[in-house]
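Protein chains: 2
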Amino acid sequence: MQTIQQRFQVAYEYAIFFTENLFDQNNPILKDFFGNYTEQGFQRKALVIADAGFADFHPTLANDIHAYFSNSVQHINLAPEVIVVPGGEASKNDAALFDKLCEAVDVHGIDRHSFIIGIGGGAVLDLVGYAAAVSHRGIKLIRIPTTVLSQNDSGVGVKNSINFHGKKNFLGTFAPPVAVFNDLTFLRTLDDRDWRAGIAEAIKVALIKDVSFFNWIEENALALANRDETVMAYLIHRCAQMHTDHIGGGDPFEFGSSRPLDFGHWAAHKLEYLTNFEVRHGEAVAIGIALDCVYAAKLNMLPESDLQRILEVLSQLGFDLYHPKLAENDKINLRNGLHEFREHLGGRLTIMLLEKIGKGVEVHELDADIIASAVDYLETKTINTSVLEAKI
Amino acid sequence: MQTIQQRFQVAYEYAIFFTENLFDQNNPILKDFFGNYTEQGFQRKALVIADAGFADFHPTLANDIHAYFSNSVQHINLAPEVIVVPGGEASKNDAALFDKLCEAVDVHGIDRHSFIIGIGGGAVLDLVGYAAAVSHRGIKLIRIPTTVLSQNDSGVGVKNSINFHGKKNFLGTFAPPVAVFNDLTFLRTLDDRDWRAGIAEAIKVALIKDVSFFNWIEENALALANRDETVMAYLIHRCAQMHTDHIGGGDPFEFGSSRPLDFGHWAAHKLEYLTNFEVRHGEAVAIGIALDCVYAAKLNMLPESDLQRILEVLSQLGFDLYHPKLAENDKINLRNGLHEFREHLGGRLTIMLLEKIGKGVEVHELDADIIASAVDYLETKTINTSVLEAKI
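Here the protein sequences line up with chains A and B, keeping their order. If you count the first sequence from 1, position 24 lands on 24 in the UniProt record's numbering, and the numbers rise without skipping. If you count the second sequence from 1, position 282 lands on 282 in the UniProt record's numbering, and the numbers rise without skipping.
Chain A on its own, in the form it takes in the complex (with noise of 0.2 Å):
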């Protein structure tokens, strides 16, 4: 019998939205938004989830968005609860709440034409994006993140995770949102740790993709520092952009084994998980763009004088360059990091190092005594700077 050879393209297409006070009554962005789903005959519905981590600071959330709806998007059907769950990476390893979303979705009837709308930080999203993923095979994603992290970042992306038995992200799918919406003022309750951690992942993006963004986030690091919301608004723009031209132009569910986004990102996630997640991800992500850096540096791929420059700019936003858990355990644990990330990618080792700011270049080896002295580069640095401002 004659082999049969299926073949088909799926069609994804969603908006990133940039707005202020999203759900103010005069703000007619997310009515619009609904108004291109009023088909006769559907009941749609909507269910929201929101991150305790913000919701706390917002306490009139759920009448807000309640309000919105009477007012506003009538023929979308509101369930009446909002669901707040906890923000961050525990989230994300609590299965009994992944239980929870789905059950709250079969509870409200939320189907394939209904909406899941997810508001807070990264973690949160993820977590709601994989409920809503895999109830009945997809139901709509609208995201609303709340952090710069997920604005610029996560947020417009692809993916969505939660921890399996401790496993970070293990569990997971592709699945674009229909829609992401980007509210600016959600970012004036961040502490400052999550206002600077976001931009670790523009920087991370302008170093291998585009020298003209990072010479604009050097000349405005000190405004970032300082929370100017006009320059942040435009570097969240920037990144999503750069972002979703990188997913839209490539290989969006990654089928192949190169991705370039995770350049910095193979120390950051053993980090991360050496600080049981203290150190969080962002922050990680600046660490781990230090050391490899370093390391390109020692290697002279990169020029000394492009190294000082990102070393310099990662300071001045106040990030740390070095965790003394990089060094722990004569460094072997971090090296450990090395191979789970060559394990996860396949048994192929594929790592983006720079060879000048603006332009990245894949390898497939990393040598574990230079990754060393890369640690051992940064300590010293730290401490000296250290002792220098202690003088100061």
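By construction, these hints were calculated from the structure, which means they are not laboratory data. Take these hints with a grain of salt, some might be off.
Identical copies go unnamed one by one, so any copy, or any two together, can satisfy a pair.
[What the hints assert, rightly or not] Below 25 Å or equal to it, Euclidean Cα-Cα: the simulated BS3-like pairs (lysine-lysine) are: (1) K359 x K31; (2) K209 x K167; (3) K356 x K168; (4) K381 x K298; (5) K356 x K31; (6) K331 x K359; (7) K356 x K298; (8) K298 x K168; (9) K325 x K359; (10) K100 x K168; (11) K100 x K331; (12) K31 x K100; (13) K298 x K325; (14) K209 x K325; (15) K168 x K359.
Position chain B relative to chain A; hints supplied.
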């Protein structure tokens, strides 16, 4: 800030191979397939998960697979254990089984460039496919369906699922396999009920799309009932071809609401539940087809002569056309199934009915009284046939 518009397409491709004695050392089909995955640097692995209902009849299965890999597929690292899971709907109800498969993925280091090979009937392939789809955001899945139903329908498609808190297929994804291997010899150990059940899906697709295929089934009904393998091989190939053509030519991931392949399925799903899955899926689909055809005839939509041909073919194949659960509780239980199907479709009911053999049409309402009288019709017809048979 300007809205960012993300747009991309994802291409999928897989082959459905037809063969006999797949794991025989002299059969090159698996070896040739894995010959496509010999890139330097990767260490790809494979994990086999088999249906107990199949493995029990094939005690040398694990040995055969290991021998085949050692001789012919040395570049793929086969996990030492072949995991055996219980077959049938029970496998999809057991959350611990899903966890066990994910654990095995972790323990054996199965990554996104490695393979999970599922061997079994539709339910086990659904479970294995779901575990593969969400572990590491998608491991390459090879399906080896061992029933008529899975070889001609579910196994060649793009869905997977498990049940959640008793809700059928509540959790799942759309995730195409990388290959399907249909082995005719694997059907020999099926009992008559499972041999027959899968034919219902072939009748379904013939009825809504292809009168010539229905004519062929009609001519070959007795040969099929008598387990003629050559005839069955043709039926499976043609049904699989129609199924894949439909998926590839339409809306593979069901973003819209039209689902013609659900013909006969609204009542079938409910009947499976009402009988606690004692009536198997294909058996329930046969009854669902009969019911919706009687319904269409009562509307004068389907000619009476076509109805009689359809009921006759189903009977010749040995299908029951009626089950007492259809009438239970004054048919209210069955009619609730229609309500649930509407919910499942997002509030707008879309049901495929027949205008004539080979041509389906979609309607958006069914009349409860006519459903009830269609049930009565099938009950009466079944009693009369039994009386007739008793007399003979």
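> Between copies, within a copy, both or neither: which fits K31 and K100 at Cα up to 25 Å?
Replying inline: neither (28 Å within a copy, 44 Å between copies)
> Checking K325 and K359: alpha-carbon separation at most 25 Å within a copy, between copies, both or neither?
Replying inline: neither (29 Å within a copy, 68 Å between copies)
> How do K359 and K31 come out at 25 Å by Cα distance, when the copy is not named: within, between, both, or neither?
Replying inline: neither (41 Å within a copy, 41 Å between copies)
>> For K356 and K31, with the copy left unspecified, which applies at a CA distance of at most 25 Å: within, between, both, or neither?
In response: Neither way: K356 and K31 sit 45 Å apart in one copy and 44 Å across, limit 25 Å.
> Given identical chains, is K298 near K325, meaning Cα to Cα at most 25 Å, within a copy, between copies, both, or neither?
Replying inline: within (21 Å within a copy, 76 Å between copies)
>> At most 25 Å between CA atoms: does that hold for K209 and K167 within a copy, between copies, both, or neither?
In response: Cα proximity of K209 and K167: none, with 30 Å in one copy and 47 Å across.
> When no copy is specified for K381 and K298, does a C-alpha distance of 25 Å or less occur within a copy, between copies, both, or neither?
Replying inline: Answer is within: at 15 Å inside a copy they meet the 25 Å cutoff, but 85 Å across does not.
> How would you label the pair K168, K359 (within, between, both, or neither) given a Cα cut-off of 25 Å?
Replying inline: Answer is neither; intra-copy 29 Å and inter-copy 50 Å both fail.
> When no copy is specified for K298 and K168, does a C-alpha distance of 25 Å or less occur within a copy, between copies, both, or neither?
Replying inline: Classified as neither; 31 Å inside a copy, 57 Å across copies.
> What label fits K356 with K298 when the C-alpha limit is 25 Å: within, between, both, or neither?
Replying inline: Classified as within: same-chain Cα gap 13 Å, cross-chain 76 Å, threshold 25 Å.
> Within a copy, between copies, both or neither: where do K356 and K168 come within 25 Å Cα-Cα?
Replying inline: neither (31 Å within a copy, 54 Å between copies)
> Taking 25 Å as the upper bound on the Cα-Cα distance, should K209 and K325 be classified as within, between, both, or neither?
Replying inline: neither (30 Å within a copy, 64 Å between copies)
Of the numbered hints listed earlier, those contradicted by the structure are 1, 2, 3, 5, 6, 8, 9, 11, 12, 14, 15.
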